[in-house]
Amino acid sequence: MSAKRTILVCCDTGCIASGSKAVVTALKEQLALAAAAGVAGAAATDATVEPLVKQTGCHGFCGYGPVVKVMPDDISYYRVKPKDAAAIIESLGGEPVERLLYRDDAGQRVTGREENPFYSSQKKLALRNVGELDPELLDDALSRGVYESLKKALTMTPEEIISQVERSGIRGRGGAGFPAGRKWRIAAGYNNNPKYVILNGDEGDPGAFMDRSMLEGDPHSVLEGVAICAVAVGATDAYLYIRDEYTTALRTMKQAILDAEAAGILGDSVLGSDKQLRVQVVRGGGAFVCGESSAMIASIEGAVGEPRAKYIRSTQEGLWGQPTVLNNVETFINIPLIIANGGDWYAQTGTDKSKGTKVFALVGKIKRSGLIEVPMGTTLREIIFDIGGGIPGNRRFKAIQTGGPSGGCLPDSLLDVPVDFDTLLEYGSMMGSGGMIVMDERTCMVETARYYVEFLARECCGKCVPCREGLRWLLDILTRICEGEGEFADLEILEGICETMTLASRCALGKTAANPVITTLRYFHDEYEEHITHKRCPAGVCRMGVAP
Amino acid sequence: MILAQEKLTELLQAYPPERQHTLAVFQDIQKECGYLPKEHIVAAADYLKVPLSQAYAMATFYHTFSLTPRGKHVIKVCDGTACHIKDSKGVLQSLERLLGVGLGGTDADGLFTIETVACLGCCALAPAMQIGEEYYGNLTDEIIAEVIADYRRREAGEVVA
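From first to last, the protein sequence lines stand for chains A and B. Per the numbering used here, residue 55 is the first one in the first sequence, and the count goes up by one each step. Per the numbering used here, residue 47 is the first one in the second sequence, and the count goes up by one each step.
Wrong hints could be hidden among the right ones.
Said to hold, decoys possible - Simulated coverage check for chain B against chain A, where a stretch passes if three residues somewhere in it have a Cβ under 8 Å from a Cβ of chain A:
(1) 53–67
(2) 99–105
(3) 109–116
(4) 161–175
Source of the hints: derived by calculation from the structure; they are not laboratory data. Every value quoted in this text rests on a predicted model; they were computed, and no experiment measured them. By construction, the Cβ of each residue, glycine as well, lies at the ideal position given by its N, Cα and C atoms.
Produce the complete structure using the sequences and hints provided.
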């Protein structure tokens with residue numbers, strides 16, 4: 055066997071926090087020692103090339119990090135410590151290190167990802183390269199076929215590209231779910247140049263890290279998607295708007311742009327064609343509202359990020375008044391797949407109106423937490439119990455919160471609901487960008503609603519009255535209820551404010567800001583009543599009746 | 047800390063004098079100074095040809111920016127949803143006890159400032175915090191005390207050296 059053996063160490067933010075950098079160092083040291091001694095593990099004989107230690111993006115199983123995967127053997131190790139490095143190097147080509155393997159629900163040790171319940175029912179499209187390559191190496195990306203789709207796109211007409219994206223049925227992954235193909239077609243239809251492409255990487259939802267992992271783990275596929283979009287709509291400039299807190303993602307993307315320019319992939323001539331594309335990174339200022347497209351455009355222009363009323367869409371008059379396509383990181387990273395395999399191929403996955411897969415950050419009170427990708431239409435139950443392994447400590451599941459602060463909390467009676475854009479909306483929540491936070495009986499739903507409202511009140515840009523004043527009053531009333539000072543009349547007032555905000559706010563964030571309150575009132579009304587009538591918090595979270 | 051004139055000029059001139067670079071210029075100033083000194087906001091507005099009122103609006107609208115000096119190490123306690131339901135409040139209280147200062151405050155040595163952040167994006171390790179560019183997850187009172195003690199030791203070491 056002449057295949058090169060690689061040891062992939064997850065160096066995504068989560069695993070770094072768990073100490074993966076030290077693991078990389080230890081593995082490299084042990085490798086050097088083994089090489090000096092003339093044996094790189096039992097494997098040295100069959101692997102003609104010395105094994106290579108690579109730092110990769112997110113492997114997904116963040117709760118069990120640092121994660122290490124040995125390829126091509128497909129052996130995954132979890133919670134690896136630097137002191138385990140010697141054993142791993144020694145085992146190469148032989149028996150895996152038993153104690154570092156994952157123990158499945160039946161207590162069996164499993165080596166490969168296919169046997170691990172966390173991974174086995176996932177389907178990796180958007181995350182196809184994340185965790186499999188070194189994001190800092192362009193060659194790694196090229197060896198996995200990145201930029202082949204851009205090459206292909208350059209041989210297609212814009213019309214052909216757009217119609218493939220339309221056929222794929224892919225909808226914007228940022229939350230609203232607008233069909234990406236339709237957006238591109240509108241922008242392509244205008245002839246006033248220049249046109250712009252904006253990548254929304256301002257992942258501001260609390261409890262979400264999907265976009266970060268893609269930016270950090272597979273920057274070139276993201277760039278490829280952006281470039282294909284630019285070619286299709288006739289844009290010459292692209293802006294990547296990324297949160298300033300995401301230091302690694304910013305560094306990785308900047309490096310990827312430089313490397314792609316140096317290789318003639320981006321810049322004055324895209325892959326030797328007559329197309330040009332300049333890509334710039336804009337660091338976000340930590341304002342949640344800037345995830346809204348018109349606010350983001352204002353922010354890039356150098357103004358405060360306040361949304362505008364959308365009588366005219368940004369596809370017509372966006373950045374500096376020019377036609378602009380703005381899509382989320384996850385939308386762009388799917389594009390190369392659609393071009394490579396065709397829109398019809400992509401549309402085979404998913405449900406009738408929500409095609410493809412969706413990446414979720416599965417976190418909270420759950421046994422196996424991390425980054426997952428599943429076909430649209432997977433049920434909440436499959437996600438929480440099959441992939442996530444259920445609730446730790448034999449506690450009872452209470453709710454799952456989807457869609458970030460604009461989403462809602464769904465109860466156990468809705469566990470068999472298939473997850474797609476329309477179904478979640480129907481039940482008062484939304485897809486959002488993909489945060490999924492599992493809550494158990496020890497989570498108070500009134501306090502959860504209060505938490506989201508407090509976040510939104512802080513992040514509200516203050517431009518329109520329903521959102522600004524509505525959130526303030528929601529917060530005031532919810533805080534009172536949590537402190538045991540609530541009255542029954544409050545519930546009716548809450549409902550009234552929510553309705554006004556939903557109907558009358560200016561932007562999508564305002565229109566959805568009441569969702570956490572609306573859904574908890576709808577599904578967990580008894581908890582509100584308990585707080586008001588008996589001054590008691592069933593979850594034991596709110597401290598009531600404590601004299602000041 | 048106020049930047050010397052040459053340093054400030056160098057920082058500003060890394061960007062063309064256009065409004066669109068306001069955010070980036072401010073971020074660079076804050077990276078250098080730890081906050082946005084008034085003098086520098088004025089200088090940046092002048093250079094970028096932005097009315098001072100607009101520059102001030104930018105400096106106060108975006109949460110990244112602080113108008114007052116902060117400690118040498120800014121501790122960002124994550125209050126994302128996952129951290130919140132895993133008791134990020136406890137993390138905050140633990141830090142407040144250790145440093146003798148409340149949220150938003152800077153300790154007596156000027157070493158630490160405590161802030162919260164909407165989400166650090168390492169939700170699987172909740173509750174978490176960030177100090178500088180380092181992340182710390184699965185926090186307990188013991189771990190927090192250890193991290194702070196470690197920083198203090200390093201600071202003391204630096205002073206001796």
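Exercise. Taking the numbered hints from earlier one at a time, note which ones the structure violates and give those numbers from smallest to largest.
Key: Every hint satisfied by this model.
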